[in-house]
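Place chains B, C, D, E, F, G and H on chain A using the hints.
Number of protein chains: 8
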Amino acid sequence: MMHMDIQAILEAVHTGSLPVDQALEQLKTLPYDDLGFARVDHHRALRQGFPEVIFCAGKTPEQAAQIALNLAQDGQNVLATRADAAHYAVIHALLPGAVYNKTARIVTCLRETPRPLGPIAVCTGGTADIPVAEEAAVTAETFGCTVSRLYDVGVAGIHRLFDQLDVLRQANAVIAVAGMEGALAGVVGGLVDRPVIAVPTSVGYGANFGGLSALLTMLNTCSAGVGVVNIDNGFGAGYLAAQINRLAADKQEETS
Amino acid sequence: MMHMDIQAILEAVHTGSLPVDQALEQLKTLPYDDLGFARVDHHRALRQGFPEVIFCAGKTPEQAAQIALNLAQDGQNVLATRADAAHYAVIHALLPGAVYNKTARIVTCLRETPRPLGPIAVCTGGTADIPVAEEAAVTAETFGCTVSRLYDVGVAGIHRLFDQLDVLRQANAVIAVAGMEGALAGVVGGLVDRPVIAVPTSVGYGANFGGLSALLTMLNTCSAGVGVVNIDNGFGAGYLAAQINRLAADKQEETS
Amino acid sequence: MMHMDIQAILEAVHTGSLPVDQALEQLKTLPYDDLGFARVDHHRALRQGFPEVIFCAGKTPEQAAQIALNLAQDGQNVLATRADAAHYAVIHALLPGAVYNKTARIVTCLRETPRPLGPIAVCTGGTADIPVAEEAAVTAETFGCTVSRLYDVGVAGIHRLFDQLDVLRQANAVIAVAGMEGALAGVVGGLVDRPVIAVPTSVGYGANFGGLSALLTMLNTCSAGVGVVNIDNGFGAGYLAAQINRLAADKQEETS
Amino acid sequence: MMHMDIQAILEAVHTGSLPVDQALEQLKTLPYDDLGFARVDHHRALRQGFPEVIFCAGKTPEQAAQIALNLAQDGQNVLATRADAAHYAVIHALLPGAVYNKTARIVTCLRETPRPLGPIAVCTGGTADIPVAEEAAVTAETFGCTVSRLYDVGVAGIHRLFDQLDVLRQANAVIAVAGMEGALAGVVGGLVDRPVIAVPTSVGYGANFGGLSALLTMLNTCSAGVGVVNIDNGFGAGYLAAQINRLAADKQEETS
Amino acid sequence: MMHMDIQAILEAVHTGSLPVDQALEQLKTLPYDDLGFARVDHHRALRQGFPEVIFCAGKTPEQAAQIALNLAQDGQNVLATRADAAHYAVIHALLPGAVYNKTARIVTCLRETPRPLGPIAVCTGGTADIPVAEEAAVTAETFGCTVSRLYDVGVAGIHRLFDQLDVLRQANAVIAVAGMEGALAGVVGGLVDRPVIAVPTSVGYGANFGGLSALLTMLNTCSAGVGVVNIDNGFGAGYLAAQINRLAADKQEETS
Amino acid sequence: MMHMDIQAILEAVHTGSLPVDQALEQLKTLPYDDLGFARVDHHRALRQGFPEVIFCAGKTPEQAAQIALNLAQDGQNVLATRADAAHYAVIHALLPGAVYNKTARIVTCLRETPRPLGPIAVCTGGTADIPVAEEAAVTAETFGCTVSRLYDVGVAGIHRLFDQLDVLRQANAVIAVAGMEGALAGVVGGLVDRPVIAVPTSVGYGANFGGLSALLTMLNTCSAGVGVVNIDNGFGAGYLAAQINRLAADKQEETS
Amino acid sequence: MMHMDIQAILEAVHTGSLPVDQALEQLKTLPYDDLGFARVDHHRALRQGFPEVIFCAGKTPEQAAQIALNLAQDGQNVLATRADAAHYAVIHALLPGAVYNKTARIVTCLRETPRPLGPIAVCTGGTADIPVAEEAAVTAETFGCTVSRLYDVGVAGIHRLFDQLDVLRQANAVIAVAGMEGALAGVVGGLVDRPVIAVPTSVGYGANFGGLSALLTMLNTCSAGVGVVNIDNGFGAGYLAAQINRLAADKQEETS
Amino acid sequence: MMHMDIQAILEAVHTGSLPVDQALEQLKTLPYDDLGFARVDHHRALRQGFPEVIFCAGKTPEQAAQIALNLAQDGQNVLATRADAAHYAVIHALLPGAVYNKTARIVTCLRETPRPLGPIAVCTGGTADIPVAEEAAVTAETFGCTVSRLYDVGVAGIHRLFDQLDVLRQANAVIAVAGMEGALAGVVGGLVDRPVIAVPTSVGYGANFGGLSALLTMLNTCSAGVGVVNIDNGFGAGYLAAQINRLAADKQEETS
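Protein chains in written order, with our numbering: chain A, 1 to 256; chain B, 1 to 256; chain C, 1 to 256; chain D, 1 to 256; chain E, 1 to 256; chain F, 1 to 256; chain G, 1 to 256; chain H, 1 to 256.
Extracted from the complex, chain A is given alone in its bound form (with noise of 0.2 Å):
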């Protein structure tokens, strides 16, 4: 965001093109819009290779799809995830084109094709991780992952997952989503050779404290390669495997 742009300013304002007053207005104009109650930063497809996503918990239906509006009128792709029905429906109502994935809880509406990027899979230990799962799965795939889905494959019933085994290794990066105790990512980054993403979920009772089992499961994981997200936190997960997987497109791309 810096001193690349500021030489650009101070050459114009070196050749004169720019006053000083202008240059200094314009270094104050970063590129966002204030809307009162959010700042929407029309910048971050430049610097951090994705468009902002709208997390619309704790957002009433009104900002989120404010937001909504203001990244589409800048031609940008929207992702709203924690999106619930009423979230939904104000979206739409203004932007006609959206799309809701109930299971995801994930409000798309894309302007642009994203950039084709790797495969990836996505795991759960059991039937009842799947919603964080898909809020990982539609992440990546609205940044243009193709995702492989293996569900229910956790540790109680290991065998299923030892199946799968090709297509672990056939993706990019893993993305593993179990509540309870949480083995699944160790068990995981213990047969890839690729990184792990873990997603600790709070499905569970009694001691599993929310989350707290299966994150201190993960964090404490003896197999190498495994970085964790928060607790519930599909989109962090789905976000991170896009970003793995856009490094190596990008190093294809250079080299081809």
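Honestly, the hints are just simulated from the structure, not real lab data.
A portion of the hints provided could be inaccurate.
Chain H is nowhere near these chain B residues, computed Cβ spacing over 12 Å in every case [claimed, not checked]: (1) SER17; (2) ALA89; (3) VAL90; (4) LEU95; (5) PRO96; (6) TYR100; (7) ARG111; (8) ARG115; (9) ASP129; (10) ILE130; (11) VAL147; (12) GLN170; (13) GLU181; (14) GLU253.
Cβ pair distances, simulated, as ranges [said to hold, decoys possible]: (15) B/THR113 x E/GLU62: 51 to 61 Å; (16) C/GLU254 x B/GLU11: 53 to 63 Å; (17) A/ASP74 x F/THR146: 52 to 62 Å.
All C-beta atoms, glycine included, are put in the ideal place defined by N, C-alpha and C.
Relative to the frame of chain A, chains B, C, D, E, F, G and H by itself:
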């Protein structure tokens, strides 16, 4: 402990062979010795099947040795856990037959060969879990079990465990000892059809929180048939395994 | 699960009765059905002695019912825990023989009488612990155990428990279910010479912290021979009790 | 502490025997000495019935000794808790009559015989709880109570406790000291009709978490009539027992 | 509960007036009624000085009412805590004399006037702590105490408390009820020379963590003579205060 | 509260204009009203510079309204926090001039214009933190501060904050409100040379643990000059900011 | 830090007195020195009003001394906290003027007299809190504050505090340092109308949990106007007090 | 690990070149060595891309050295983490080429130059985080990465970080190592478009709780694209960075 004894006493009272005063006195003279700082329970071998065990941590070497002597003089086997070299030195001075297993931190002094019980398996996730596993194994052996040791078979290299399935499946009970993520218990629980006793260990660092991570993992395991003991409680696991084996042996004897 | 099957396959390959391709394919066709959202494990009854159990919490009624149907069609007994009225309604629609135990929150649909196993006792500290105790009791009964129920015998009125010592001591295993202080497990463990399975419950308030108090009490019990399951995990306790009883029954059969 | 004194002062002001300035000054000269690092409260014996107690932990031996000297010079009994050998050495140098109870970690220097109070009982779950119990017992004795010690009567061998019911029931208050599962307090509370003071200790390991397990057990006890003090706080328990006994003694005196 | 009864039985056996069989039977017929879901302890009024109390939370209205009826039919006073309107409705239908204190969430049905005990004071830090304080006050009143209520005298306006020192100091015991920071107990403990019973409440928000903040404050108080009960446990505090008062009353009677 | 008043009383006693009895009485008549459930502190505006504030959570609408009326009748400004619509309705019925800020959950009824204090800034990390920030802002405004609002300037898009450095640096104090990771306070603390008041919010999910994450972040900040208030405690932050500003205003007045 | 500097640079670029390259270079040459293991921030005295402080814990004596030397050579005052004797020895070898306050664990080396700021008060609950209080006091003095020390005035003997109300009320800010229950901050907050800075200490034992008890108390205080710093963070409190005082001094100067 | 090997074996069985018995034996002879206390996994370099790493904590120097020797004799590179001087001494005695990095606590003994991977950056918040950062950096270098070190760039002086944006943005992955508040990871995550690996450290004090504070901050970061490893787990971060880089390198090679 109650009315079976009372019945004998009642009958003696009824027949007049036991005066009321002495009957009352007998009911009060429960079968333990009061050493001042400890009450040694000689009745335990009858009531619970195994003699009383000395937990040395928090006891002075002299206190531990006095209890050991008291049990030995009663003709019972001595099993002292969490014993350090100082405990052993004083016990050995009083009971020259005492033997010290340093890794397991256990002193034993066996007066009679234990009744032979069935086979168990003791697994560990890593090398650092071995002291706790040895506490479990030596405890179970002292109570008559035959122990197979499967060490360093944790989930990060899970194929090592599969190679030992024969051994696992011949055991009457399996003790799974693991720190860090503690996933071993769940994996073992998914592979065998016998009771699994899970022992979380404090091995690890960071968000391991002194064994809390492995404890929560084991309590939340998706595999059924798993009972958990306290962190680092190898003795408790060995004792429970022996308890289960003794039930099996009793049933075997009843029918044969 | 592994090389015994492989042996048969290897021999078929050796004799030429099975081509290499088909052998590989067979090794991949592990005995479960993929329902998309769940992989039903038909092999489990062989591998673990009891059929797969459906944990309804976090599953939609439709998902639970599909798994139940799939198992029933395979001729297996169905046991669905944490089932609410909605789960039952949909399961019952597909499996008219399904029965609902509301207190235990369990749906069963038994195709064959379970193999008779030995006696167990289920105790509770108070009246509010009964639903968890019933989950344990019904689970154990479904697997063939005979269950004695000793409810409301907590330590605040400990003489109530002593009156039932006969019942306790005839059991092959005792399940102690208690919330609040959770001391029941330790007291029972001091009185019997059989395995004790401790189930902390979330019954209580204040510094009970959702069952944490009873859980810690049970893990720290001074009584040996106690294995702990997760908070409110009545199913796990019933399953483990059945597992222990099955070991005893197997040994009995071997010798007779 | 307030207007009774103010009344005397007011009257002296009214009669002119005390100028307003001096009255104000007197109100400020509260009855404590400022040693710079500590303010010794001589008024406490009047206000609270017992003299101020010196908590040595975190104080240098010199600081502890100065406070002890200051109290002794005022003619008060000295009671210093959590005193190690170094504290005792320096106190003893200044107050040759000081006596050190090493197990209880208490230094006393009594100038006057305490008023005799009634009987209490101090129980421990195990041998390792004895230091905390002795802190409670010696504290209560210093304040005039008669103490019966019932050590190593924990719930794993609960019949040991029942043998002592006579002693328990003759006490005006019972102090129950226990680590690990901490169930002793609830069992005692179910057996006596006098106030029970529960002292959790940090004795134990693993999921004991420095006494948290016993603390939660005692707070959640189903037995009513139990008040809990801090982990390892033997002094607090002894003081509260004396406080209760003093109330009883006061009432006895009032009527006699 | 034990050998005093046994003595009578023994003597009857000895004189032949009681056959051995019937003696055994009598020993088993302990004085409680088994309602199936609960065992009502009629002996408690003798053993503990106060009749059994019904803790309604976790019990159905029907269960609570059956226990109440059972106690009332035995001629005992009924005290039911944590009762909501539904519990009251069913109890009232069976026991028309039952009275409901909505703030305290207590149903009482008194058959006999309780023995008059001494005065206590109940203080709260704020207005929101009043329901817990009322549970304590009504409990103590039901057991015969005279209660002074000092509400909203927390440390943020500590001069309010000082104005009431007379009332505080005339009490035989003081119950300090406070949420949030919970400092009230320590301040009261520094001002009176009678036992203080501290009740942390779950009143507050944020880092209050359901009453944990006030609980820890009270356990760590620098004031001696304070016993703590569970979070929101007004009943326990009222019961303990009555227990202390009954000791005082007994001593008063002994001497008079 | 103490001897300044006492001095006046003492002098009146001395001159005979105030009898001793009445002097005592006056000392007892501290300047608050006892409403039964609450003691309203009219003296607070003098003692602490701001009138008493009504914390509505845990109070019935009627209780809150009675306190509000009592304060208003005394001529004081009313500030009621955590007020929901029901609280407002009853307050408004008694005090028609009352105004409700729904986002801030605050009811105000101002009798006199507050003394003008200096400028502060209130920042939030995200949109969902705005309600807490508004509680802080409205509180500070009620006490006379001028408030600049900088919302949605969290560290994930930290350039948004830098654009507002002018505003930040003109404030006498900065309130940083943030949930999730809570890093905003540390970043602000590194940029300004004025006191920073950090308010963790419970905004977030998963390992946020109800605001614990942001709370710990803020307490552990490497930036000096940061004081932290309780989770979601916007009022506390606004009050402290006003307190700081009032000090500044007092010093300004003293010199001018 | 931003556009004020940029403006000067822009103008120099505009006038041609600064080439674009050098302008860019200047923008990169931020005013700190890179020592390899640390980046010393010389600009901080300008930006934040106080020079950078060296936190010695976790730094080798050599690292601490190098930073100290670097600051001193720049003519700045040196303040090194958490310094042990070894840190002091090496700092003193490089900076012979360095002075060590052992209780406060602070090394100072002052090149210029700090600007005189206003009075503050530092209180402690007990004697063991003094080291943390001294860290706060010496820090504040180094930054120019005048400090009144009120030690050992905790709530168990709260009348000691009231005697010092004059001193408390003359302070511009009050630092309340307390361990154990930590109630001092709330009591002070109820008595003064100036900002209160609360410092929880790790002094205590048992359920104190390393200062957590006092921390939660202080965060939950019912008194408004209290900001909390980290456990044992005397430096942070002294710094914040100085920050507040500097605001007051700035305002005083502006008007005079 | 599975059917690729099995295919070869199957074909050999099919052609008769491998008898069924030997095939079974081969399937059991998995490629690891059983040292008794540890099972060394030679296959790992193939399966996971990097050889097995020795975690020395909890292993005796002799155990660590035996594993190192075993790997080296197989021609593999040796990387031993958490090695203290004693571990190094014994390893060095067996492997004279072993090198010890004391700050990183790593012993390496490289037999072959690692395949060159891309650039990464390792940042720390402060000086005390350097040992963990070095563990990450040396690990990544051992696996072939080029590492830029940016130490002491924490958020309290955030302009230090901005000066290094070029370095950050040229990295394929960034490792952010920070204790205390741990905000560095979120700030870095907001500035770069590459995967960020966050390492919380136990550096800090008070409410840092052994790294919990930084851990929670990093899990709750509002910046997407961040994966977290265990507290102080520098190795895990370095390994994951190498894993990510190896993916990029593989893709680069595929296309070139």
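Practice prompt. Please settle this one: B/GLN170 was flagged as non-interface, so is its CB more than 12 Å from every CB on chain H?
Written response: Consistent with the label, B/GLN170 stays out of reach of chain H, its closest Cβ about 16 Å off (over 12 Å).
Worksheet entry | Range agreement (Cβ of E/GLU62 with Cβ of B/THR113, hint 51 to 61 Å) | Roughly 58 Å apart at Cβ, these two residues keep to the hinted range, so it holds.
Worksheet item: Going by Cβ atoms, does B/ASP129 stay more than 12 Å from chain H at every point?
Response: It is violated; B/ASP129 is separated from chain H by about 8 Å at its closest Cβ, not greater than 12 Å.
Discussion item. Is 52 to 62 Å respected by the C-beta to C-beta distance linking A/ASP74 and F/THR146?
Written reply: Since the Cβ atoms of A/ASP74 and F/THR146 sit about 34 Å apart, the hinted range of 52 to 62 Å is violated.
Fill in: Minimum Cβ-Cβ distance from B/VAL147 to chain H exceeds 12 Å
15 Å, holds
Item to complete: Test the statement that B/PRO96 is away from the interface with chain H: the closest C-beta pair must be farther apart than 12 Å.
Response: 30 Å, holds
Discussion item. Does B/SER17 clear chain H by more than 12 Å, comparing its Cβ with all Cβ atoms of that chain?
Written reply: 62 Å, holds
Worksheet item: Is the nearest CB of chain H more than 12 Å from the CB of B/GLU253?
Response: The claim holds: B/GLU253 sits with its nearest Cβ about 36 Å from chain H, beyond 12 Å.
Fill in: Status of B/GLU181, Cβ more than 12 Å from any chain H Cβ
10 Å, violated
Item to complete: Quick one: work out the minimum CB distance from B/TYR100 to chain H and report holds if it exceeds 12 Å, violated otherwise.
Response: 18 Å, holds
Worksheet entry | Minimum Cβ-Cβ distance from B/ALA89 to chain H exceeds 12 Å | 23 Å, holds
Discussion item. For B/ARG115, is the shortest CB-to-CB distance to chain H above 12 Å, so the non-interface label stands?
Written reply: At about 30 Å from chain H, B/ARG115 clears the 12 Å cut-off, so the statement holds.
Hint check: violations occur at hints 9, 10, 13, 16, 17; the rest are consistent with the structure.
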